[in-house]
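With these hints in hand, go ahead and build the complete structure from the sequences.
In numbering that gives the first Met the number 0, the protein residues as written are 0 to 342.
Errors might be hidden in some of the hints.
Stated by the list, open to error - Straight-line C-alpha distance at most 20 Å; calculated SDA-like pairs for lysine to any residue: (1) K333 to D228; (2) K204 to R331; (3) K201 to V334; (4) K55 to K91.
Calculated from the structure, these hints are not laboratory results. Please read all numbers here as calculations on a predicted model, not as lab measurements.
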Amino acid sequence: MFKNWFRRDSSEKYKMGCGSSFDASDGPRTVVIFGSTGLLGGAIARRLLQEPFLYKVRCVTRRSSSEKARQLAEHGAVIVNADLGETKSLEKALEGADIMFLTTHYWDERNKEKEVIKGLNAIDAAIQCGVKHIIFNGSENVKKIIGKECNHLDSKSAIEEYIREVDNPSVDVTGLNHVMPGINFTILRLPFWLENFYSVFKPHKLKHAVYAVALPLEGCELDMMSVEDVGEVIASILRRPRQYYGKTLNLSAEALSMENIVDTFNRHFDNRKFTDPKIRVKDMEKFQFPGAKDLAAMFEFYQSGEAVRDIKLTRKLNPHAMTFDRWLSENRDKVEEALREAN
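Structure, rendered in structure tokens:
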């Protein structure tokens, strides 16, 4: 069983919770957000902070003195120091919480096993503390689909598998003949982030005023979405949480070809020329930067037809989710800065 694949503490940890006892009449629900100083967690925190009568937002970070943490605190968040590698700090962060949003990070250490263990630590702590709803940023198992390692996605698939296993009340996950009650969970599967266009996949300069948008799509369309729009998705889920218990939500605002992407760049930057270098997955596999093979596998997975995303559902959850055209209009300055750095 998956549970036995990783070492877990088989003490009394599942027999008592930390005491979350929320009832709808009690007032705002306490939402604990991991990754709150990053793009995804930060977007969710900022959205929920707009409704203080509905949510008490508790932002978990390892760097509570950072500028991003300070800004969240100024808008009403409670900042909590915790580390996904330290179980006791997680239980303290989750004590009395009603909802947990969890995202884990592969790229910090580029170690799949460490990321999985950290995710399991957070799930265990949430169960221990009686958290009523776990929302997780998950993924399909890419290795199973295309036969190649994609560590930053396969790690999230492994955490997903663990969540589904502890949700099964017929499974003794403790090894102590103690059958746990099921947990309420919702899995998000996100598409390509538009914010990648001013970070890891920013266009690179070929010559003066000419830039290449180097995505190995090879004739396929790419599902896309702004991370900022996930905040409203979470707010919609939390308005009717029972409707989304046990569900996997495959998100996308739109799907575009390389021709669409390049044309959109050219419309918004009339002082530059953008081109499609027609890069292939096998080209990206040969790149020398750390993580190149993982990213190549990600794009091969996107091309496989198995990365199914649901634009209609996404529009239901967030009717105002941005198209790439609108996103580029609103984020032109950030992309412009990234292009200057590429010079």
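Q) Can you give the numbers of the hints that this structure goes against, from lowest to highest? A) none
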